[in-house]
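S.K.: Once you have looked at the hints, place chain A on chain X.
Taken in order, these protein sequences are the chains called X and A. So the first sequence is numbered by our numbering: it starts at 1 and just counts up by one. So the second sequence is numbered by our numbering: it starts at 1 and just counts up by one.
Because the hints were derived from the structure by calculation, they are not lab data. As the structure is a prediction and not an experimental result, all values here were calculated from the model. For every residue, glycine included, the Cβ atom is placed at its ideal position computed from N, Cα and C. One or more hints might be untrue.
Claimed, not checked - Residues from chain X shown here face chain A by an in silico Cβ test under 8 Å; the list is partial:
#1 Trp171
#2 Ser266
#3 Ala291
#4 Val299
2 protein chains.
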Amino acid sequence: MPDLENSRFLRACRQLPVDATPVWFMRQAGRSLPEYKALKGTTNILDAIAEPELAAEITLQPVRRYGVDAAILYSDIVVPVQSVGFGVEIAAGVGPVIERPFTSADDLDRLPEFDPAEHTPYVLETVRLLAKELAGSTPLIGFAGAPFTVASYLLEGRPSRDYVQTRKLLWSDPGLFHELLDRLAQYCIASLRGQVAAGASAIQVFDSWAGALTPEDYAEHVLPSTRKIFSAVADLGVPRIASGVGTSELLGHWADAGADVVSVDSTITLDEARRRTGGRTAVQGNLDPWAVALASWPVVEAKSHAVLASNAGRPGHIFNLGHGVRPETAPATLQRVVDLVHAAPVGSHA
Amino acid sequence: MPDLENSRFLRACRQLPVDATPVWFMRQAGRSLPEYKALKGTTNILDAIAEPELAAEITLQPVRRYGVDAAILYSDIVVPVQSVGFGVEIAAGVGPVIERPFTSADDLDRLPEFDPAEHTPYVLETVRLLAKELAGSTPLIGFAGAPFTVASYLLEGRPSRDYVQTRKLLWSDPGLFHELLDRLAQYCIASLRGQVAAGASAIQVFDSWAGALTPEDYAEHVLPSTRKIFSAVADLGVPRIASGVGTSELLGHWADAGADVVSVDSTITLDEARRRTGGRTAVQGNLDPWAVALASWPVVEAKSHAVLASNAGRPGHIFNLGHGVRPETAPATLQRVVDLVHAAPVGSHA
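Bound-form chain X, shown alone (with noise of 0.2 Å):
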């Protein structure tokens, strides 16, 4: 598909040249649309993922919405845990909770290894349908959750602030903690290279939860992992994309693990992701979620343009928030900074 290929989203996650910066927005599908309201009504969410023809159509609101340059696959990271039968269910306005969280070795038996064409062939089916519809012009980013941030849903039970069982576990018995990390980037590397052979252009690896831990902590315990699953999907040639949020000390170490690309949140500038990646990764972001949702246009305004000119018209640059959309965001602001960002002259703010 050399139009994909070429597409300025696809072309800016590999450093070159752009005749406008890419833009999307992480959860631009989903909470903030009216028609996602509209469309999934009371469906639960991992009920609307397994639909494929539900899943694509939501993937596909916000592109149509906005001209976005790239969808992402309206899916979760506890999808494939949850696909094996370790017992998660997704609770409204709570997040993911386990039923059984995991507690002891025995529970490595409830994480079998997991086959994406077995355990969750309505996801391939998504990407598929996806992969048609979008053909040639706006390129399907697939994704997965790194093995730290779903071993805390596992561990913890629900979602947490602190972390306090995921820490027990890899200070008191790091061997099972590395064994349940390698568990878990087996089902992160199957499940991306499913999608990409489904025809993903391009895959992100969530460690939303990464920045709770020390850097120190973070280098021992959990960039093994990471590095093993950027290594294990090498070969597909598609950009690489790390993400979390409070992650802007990992940046170096992501660009060491082998990502193409980092997310960079809004407590750095992209000039200082630049700075701790050395150069070696494209950078994505990084307009602050809180403003978009809460100030005025002239705030949004200036704070978008504050982002292109942090990044000085240097290649390899997706126009991002610094964090997932927030629900009361209005979808009007959002269209506003799409046209701003591609109205603007690459390279303009150099």
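M.R.: Just chain A, lined up with the frame of chain X:
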């Protein structure tokens, strides 16, 4: 008091050579100590703070138990606003709760000029008792809440993760936001000056939640009040410490604003912290408080040595945690950390 001036803590704050690295812990007094629970019983925190003999004794407990190199006043950052009648309680298991949150310019009238002698004579009395008790041996750190962090309580009405009201005011009515911060800067300055006049040897400004803002918003909306505070206490000649959590990207701003010492959380090394301040300040930190609470001694020991190694024997290091002592921390572990730090030859890690 020549002896105090030669104390390890004050010398390290001034980046002078010391015979051993000074160590104290944020939240060393209070909830992690059995003798605190026994002494305080069911007395409300704000009531305990208002009893000088009790507050002084609580302040001294960790000094006696651990032999730490500094005492920190037992008080709370909401005490000044509570003392003028703004309607603040500290609810058990919750934190500061505001009866009628700050919602408009009219609420500025509820924040009259703060006079520590008139509004919080008990705080000054506690400091005087402590200065007498500690004289010639251990320096006492006085402290106050930075305007942004105190404002976030007044605006949100209770502890928050999202700071929605705070962000809204900052972006929708920066003039009123700055007026509120100015008002609270007067509280901070008057409180700190009162404590130093009563005998405190150093002051720490807690901008605990400043990391919720992007560094750009911090610099534009908050830094001016921080600068004003540090300038307004410069003539006192006591070290000025800036602290927060999630604030590793703000260290350069704090150095610009006049801090003599910056608290470093556990997300960066001391070496990187010094890079960010350009070596202009001493550094305080930065052992992971979660490890101290949850990990076994060999893990804590290795991490303590890593902190010392990161300082590499340079003058101007005050050993501390990256954030406050977790309530579940075993006092015996903190004792071992104190002993390890004191036993480590200064410069041995250079």
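S.K.: Does each hint hold? Answer for all of them.
M.R.: We went through each hint and held it up to the structure:
Here the hint on Trp171 of chain X is kept, as its CB sits about 4 Å from the closest CB of chain A, short of 8 Å. A hinted interface residue such as Ser266 of chain X counts as satisfied when its beta carbon comes closer than 8 Å to some beta carbon of chain A; here the least separation is about 5 Å, so the hint holds. Taken as an interface hint, Ala291 of chain X checks out: its beta carbon lies about 7 Å from the nearest beta carbon of chain A, inside 8 Å. With a cut of 8 Å, the hint placing Val299 of chain X at the interface with chain A holds, because the nearest CB-to-CB distance is about 5 Å.
In this structure, none of the earlier numbered hints is contradicted; all agree with it.
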